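Novice: Build the full structure now, drawing on both the sequences and the hints.
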Amino acid sequence: MFFRLTAFVVIGLLALRAASAEPVTHTTLENGLEVVVIEDRRAPVVVHMVWYKVGAADEPPLQSGIAHFLEHLMFKGTDTMESGEFSRVVEANGGRDNAFTSWDYTGYFQRVASDRLELMMQMEADRMANLSFTEDDWLPERAVILEERGQVLESRVGGQFNEAMMATLYKSHPYGIPIIGWRHEMETLTGQNAMDFYDRHYGPNNAILVIAGDVDTGDALEMARQIYGPVSPNPAIAPVSRTMEPPHLAERRLRFEDARVGTPYLNRMYLAPVRRAGDQSQAAALQMLAAILGGSSTTSVLERTLNFEQGIALQAWAGYNGMARDYGTFSLGIAPVEGVTLEDAEAALDAAVADFLEEGVDQAQFDRVRHQIRASEIYALDDMQGRARQYGVGLSVGLGVDDIDGWVDALDAVTRDDVIAAGQMLLDRRNSVTGYLTQPTATSTSEVTQ
Amino acid sequence: MTRLLALTLGLFIALAAPLRAEVSITPVTSDSGLQAWMVEERSIPFVALELIFAGGATLDSDATAGATSLMTALLSEGAGDMDAQEYAARSEELAARIGFDAGRDTVSVSVRFLTEDADDVIDHVRAALTDPRFDADAVERVRGQMLSKLRRDALDPNTLASRAFAQAAYGDHPYGRASDGSVETVAALDIDALRAAHQGAFARDRVFIGAAGDIDADELARLIDRLFDGIPAEGAPIPDRAEFSAPAGLEVIPFDGPQSVIAFGHDGIARDDPDFLTAYVVNEVFGGGRFGTRLMESLRVQRGLTYGVGSFLASGLLGESYQGRMSTDNVNAAAAIDLLREEWAGIAESGITEEDLSRIQTYLTGAYPLRFDGNAAIASSMASMQYQGFDIDYVNIRNDLIDALTLDQVNAMAARLYDADALHFVVVGQPEGLE
Chain A
1 MFFRLTAFVV IGLLALRAAS AEPVTHTTLE NGLEVVVIED RRAPVVVHMV
51 WYKVGAADEP PLQSGIAHFL EHLMFKGTDT MESGEFSRVV EANGGRDNAF
101 TSWDYTGYFQ RVASDRLELM MQMEADRMAN LSFTEDDWLP ERAVILEERG
151 QVLESRVGGQ FNEAMMATLY KSHPYGIPII GWRHEMETLT GQNAMDFYDR
201 HYGPNNAILV IAGDVDTGDA LEMARQIYGP VSPNPAIAPV SRTMEPPHLA
251 ERRLRFEDAR VGTPYLNRMY LAPVRRAGDQ SQAAALQMLA AILGGSSTTS
301 VLERTLNFEQ GIALQAWAGY NGMARDYGTF SLGIAPVEGV TLEDAEAALD
351 AAVADFLEEG VDQAQFDRVR HQIRASEIYA LDDMQGRARQ YGVGLSVGLG
401 VDDIDGWVDA LDAVTRDDVI AAGQMLLDRR NSVTGYLTQP TATSTSEVTQ
Chain B
451 MTRLLALTLG LFIALAAPLR AEVSITPVTS DSGLQAWMVE ERSIPFVALE
501 LIFAGGATLD SDATAGATSL MTALLSEGAG DMDAQEYAAR SEELAARIGF
551 DAGRDTVSVS VRFLTEDADD VIDHVRAALT DPRFDADAVE RVRGQMLSKL
601 RRDALDPNTL ASRAFAQAAY GDHPYGRASD GSVETVAALD IDALRAAHQG
651 AFARDRVFIG AAGDIDADEL ARLIDRLFDG IPAEGAPIPD RAEFSAPAGL
701 EVIPFDGPQS VIAFGHDGIA RDDPDFLTAY VVNEVFGGGR FGTRLMESLR
751 VQRGLTYGVG SFLASGLLGE SYQGRMSTDN VNAAAAIDLL REEWAGIAES
801 GITEEDLSRI QTYLTGAYPL RFDGNAAIAS SMASMQYQGF DIDYVNIRND
851 LIDALTLDQV NAMAARLYDA DALHFVVVGQ PEGLE
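Protein sequence lines correspond, in order, to chains A and B.
Position one of the first sequence corresponds to residue 1 (this note's numbering), numbered consecutively onward.
Position one of the second sequence corresponds to residue 451 (this note's numbering), numbered consecutively onward.
No lab work stands behind these hints: they were computed from the structure.
All clues stand as given, with none of them false.
Listed below are several chain B residues computed to face chain A (Cβ distance under 8 Å; list not exhaustive):
1) Phe496
2) Arg547
3) Leu564
4) Arg591
5) Leu605
6) Gly707
7) Gly754
8) Asp779
9) Thr812
10) Gly824
In this text the structure is predicted, and so the values were computed from the model without any measurement.
Every residue, glycine too, gets a C-beta built ideally from N, C-alpha and C.
Specialist: What follows is the structure, encoded as structure tokens:
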């Protein structure tokens, strides 16, 4: 029921390309707008998305949360449209609209009957250049984003824990700052801050248009040229410039205690390489490593070892996110059964990974994972919005259409030795933070009344 | 060009005609007499199959609360000659996506399989449905996971609010307790209870079947007979109806967090009520989980009191209520509750406007086709529409029914549905300013 949610989790485990069903078309207009068209004529529905290649990692100092605040304010009118009119028009046409902000991108989308595509394009092109709102709009909306932080982060201990993990993993890169912003800075954000951010980063030459669904590719491209073509490029757009990480010389550890923790667990996050345009082999090996260590709640190495064989885990996991502009992350974690300490669980987790790297990848499991990846290509064709999202995220973080299309082939090319090599390269604790999420220790429980 | 936009928008809206959902549903009857609804769609070589079994967690007794939930979680943990590892490995070899899900009113089975593997996947699902093992080690492992989830739920303000509201609404009826049971009941479940839950849940007399994708009627009929070979004719008796009995008023559950979670509501409209669709339309205007509803406009857009507020017709198999949810900073809780009461009284008194009605009609009729945009979504809709008791041509007439509603009908429903004086509130948090 909630709208304009922040995309905290960027991408699923198996991010897959569209198979060879219909070709995906990619072109760039003269004003710099990239256009991707994905034909899927099964239902009379179209998804229309505009992605700006700017996000929370591009915010000026003291203004954390401004990218997300602007995302909310993009619904507050233009020179010719009233506040709230955008969503009202989408709704009056039987459509759904929403938006999301990540560190690297900000996206806006509508799902509508395919004969309403032109109208969606007109409104989206309008707010690409003509945003306009008043204090009566932005002031209550600032209260809304503070309520949002209260609801989705501060009321969820897991969310707060994750925020603390990211802030500890990154020493200087802005991925360590929460997308929604730090509360004390959010409280000071103004409409002018948002407008300045808009003026500096929004424009066709910093955006990607993705159209997926019941369209003829030629017609859709022509419509995009007609409607988005006249929007002037923004001369203020500058290359992405962010503070990067210095070498990490020491592992970090944190212990997060809260009376609301129902199941204690530990998580470890490593800095990891991202998918690189033209060279995804290392990322593909890490994706396969994550699938083999943690891709199944039954047969993956960590679940089999720690849950089924040793009986010390309620759950154990591994995950890789390589869809980011600057740094990826690889996670390992375990929630121990009652009676097993987090310290003992961590030792068992480390031993399970070490044994795996020593013994190598089981051939039968490797074959099953590969088979599932190929099948996933077919299932992914059923999800038009998911396909559109893959291209939007990929292009936003600097990949090309060829890289998105070539991802399954890159996964397919990974050998068992590559998986082990990727694990050995990655698992340097100096690049990691290990966090314990747990109930307060005995000394401090006197204050807890629950 | 954008300067002209405002002039053209009105025109576009006026021209936007409601679209018909382009789904062609084939009714299928198997040799053994099972009924299914199917949509043939050949462009992707896979099939989505959805089974809904009515009953769900309401079939548990008070002492075995959680049995259906734990039983369902164990179906993929070993069947026939396969243990949990072997069952999962076989699913992976077949690249099938198999899900079992237990809810309050239903247990559902969702399967996606590549066309070429149809028979093997059906046999694999059938093993879980007819011959689950409930091995002792698997039971203890999954029980541990479920107990851990129950302990988390006990510290989650949203779950606490929903549980307290259900308890107040339905008391001793199965609707009044959590579908997953409690730490005490789940810890006490034995193999006999799990086997009984399994026997009671899956039967031909309560199943609703939908399918979509690379398949035709003859093949579907053959596959569902193959799947149901060994599934009994009758399941456990379904309990009596639940009467809504929460008193008007407010209960506060102290919880140490920055916000108050508020669950609110009163008696509702039965899903087989002839005017259910009218109530659905009124709720869409009032609080139906989008932007542009009265509740979102009043509490979020104008006042910034919440990130989200919504209302819903909780019309189940055995009983109905009309509920809403919101979260707000503790300091705002009293103001938010006053506004909710005010909006509630306002719509009961004054109803909605002609413009509201026309806007929501355009929205609902236009959005309807968006539901049918993939094999998995369509299979799920096919099963769900049968479960809810719709005729097979409903998909073709539903938009006409919405367009035919008059303002008088809608406002008569508003006056019937909304009763600000009957509202029951559950507030979980440290709300300020509440008595």
